[in-house]
Amino acid sequence: MIEVRDLRRAFGGVLALDGVTLTLREGERRAVIGPNGAGKTTLINVLAGEIPSTGGAVRLGGHDITRLRSWQRARLGLARVYQRTELFSPLSSRENVALAIASRRGPYRVFGAPARSEQAEADTLLERVGLAGREGMTVHALSHGERRQLELAVALAQRPRVLLLDEPTAGMSPLETARITELVASLERSLTILIVEHDMDVVFRLADRVTVLHEGRVIADGTAEEVRGDVRVHDVYLGKAVTVA
Amino acid sequence: MLVAAAAAALITFPYWSAPWASRFATTVVRDALILAIFALSLDLLVGRAGMPSLGHAAFFGAGAYAAGIASQRLATDQLPVTLGAAALVAALLALVIGVLVVRSEGIFFLMLTLALAQIVFAIAFQWTAVTGGSNGLAGIGRPMLGGLDFSAPDSIYVLVAITFVLVALAIWGLTQAPYGRALIGVRENERRMRALGYDTARLRLSAFVLAGTIAGIAGALSAYSTRFVSAQDAGLGSSVRAFVTVLVGGAGTLGGPMVGSALVSLIERIVPSLLPTELRISNAILGLVFIGFVLFARQGMVGLGRFAWLRLRRR
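So the protein lines, in turn, are chains H and Y.
Positions 545 to 789 (my numbering) are the ones given, in order, by the first sequence.
Positions 571 to 885 (my numbering) are the ones given, in order, by the second sequence.
Check the hints yourself; a few may be wrong.
[What the hints assert, rightly or not] Listed below are several chain Y residues computed to face chain H (Cβ distance under 7 Å; list not exhaustive):
1. Leu744
2. Ala752
3. Arg764
Keep in mind the hints are simulated off the structure, nothing from the lab.
C-beta: ideal position from N, C-alpha, C; glycine also.
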């Protein structure tokens, strides 16, 4: 579903991505882990088209999307959840989701309120992510955890084929983390998911395969068990995490 | 119902106010309504889509000149021709300027729109053969719609008032529709909108052209009303005046540009006559009022009204 070949991105002299290659088959759930500054968020930003790559190629479902802008990639079925909440603050939860739904039909509908079916679809999605009863509340009034849930609802409203999750549980309480994790776990198996995550419990719960990034390179790639046993991964990442803890 | 009654009252104002108000009152209200249409169109950019344009008068001026020149050159006073010419020329100009500016944001957008509008002003001021240059364009005919004659002061007022009601309704409908929501999305978080699959540059361009077209219609109404177009109509002063009207009234609201234009008209037309001659400096008063709103009431008169209403209800 997603093929990344030799992807590069330089910021000045720093190579944030130094030849990343990875392939996700349809329906695969892949976690990307690595220490801070490994290039994980850059990878998501480049895949989403928000930052242009300086080399390499990205294919989505067979289409070369390397040169496409982020909105064109979104139209082809790529949705993302940001690390920091990126929502439309003065709008209600329902309106946030409705904006994502409306993007599928195009914005140039100038008369009449959004269709009843779109409102209903938004409410169904909100209920699914655990925001039933919060439909009319503006983003301002939601807790941090609820905003993350809303982010997910907005991304799902795009009916994506590929979902990019950038630390969906960042800053959440253990309870909220567990809820989001189960929510992601319960998504359709046909949806391809790439998740960047620090919380190893979340990674091992969700991911079929794990890719380890370090200084912009893939240093390990395999099932969760294989990666757990990899010595180099321990050196750069898991080991350090243990020492720090 | 209430809206329909208010609209009917507004459109028939010269007839029911005749016993106690002067013709001057009709003129003041007429010009306030033209300013309101102009400000409503600018608010689509400033308030809804988050595009602070300081060059909106270029389209007002383009519409005014287009209506005037069309009526003179084509020797017709037919409203569909002159108003159509105004809307078309303003839309095309907005398309050209829009393509150049919509990818920039904030202060850069502001400066670019200002600079490009100044070019339009310079053309209007210098191209004497077409625009009359510094003399302006005088003696513009009052419009006809088929056999319907809008040449009397009261009937030109009715034309302006009907247009105002139609524009206000259209903008209200727009803001309720998915299109209006999408503009708010662009204002609040353009990056997120792109991630949702919106071509935001095109969305901003469409808003720019739409706002420019409505401003052009306001310009045409101004040309019909005063029977005169001046290069100043397309100048910076005119842009700033619309901008101040939006902010003083309350950006991003339907009522804001309307009450803003009422306040600005009051300050420009009524207040000076109540003051001693040496204090008749309406621009300075307007400036002070504007500073007051920027410092103490960012949400404009509509915001003040909401605040007062909430206070009253809490009691």
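Status of the hints after comparison with the structure:
no.	hint	result
1	Leu744	5 Å, holds
2	Ala752	4 Å, holds
3	Arg764	4 Å, holds
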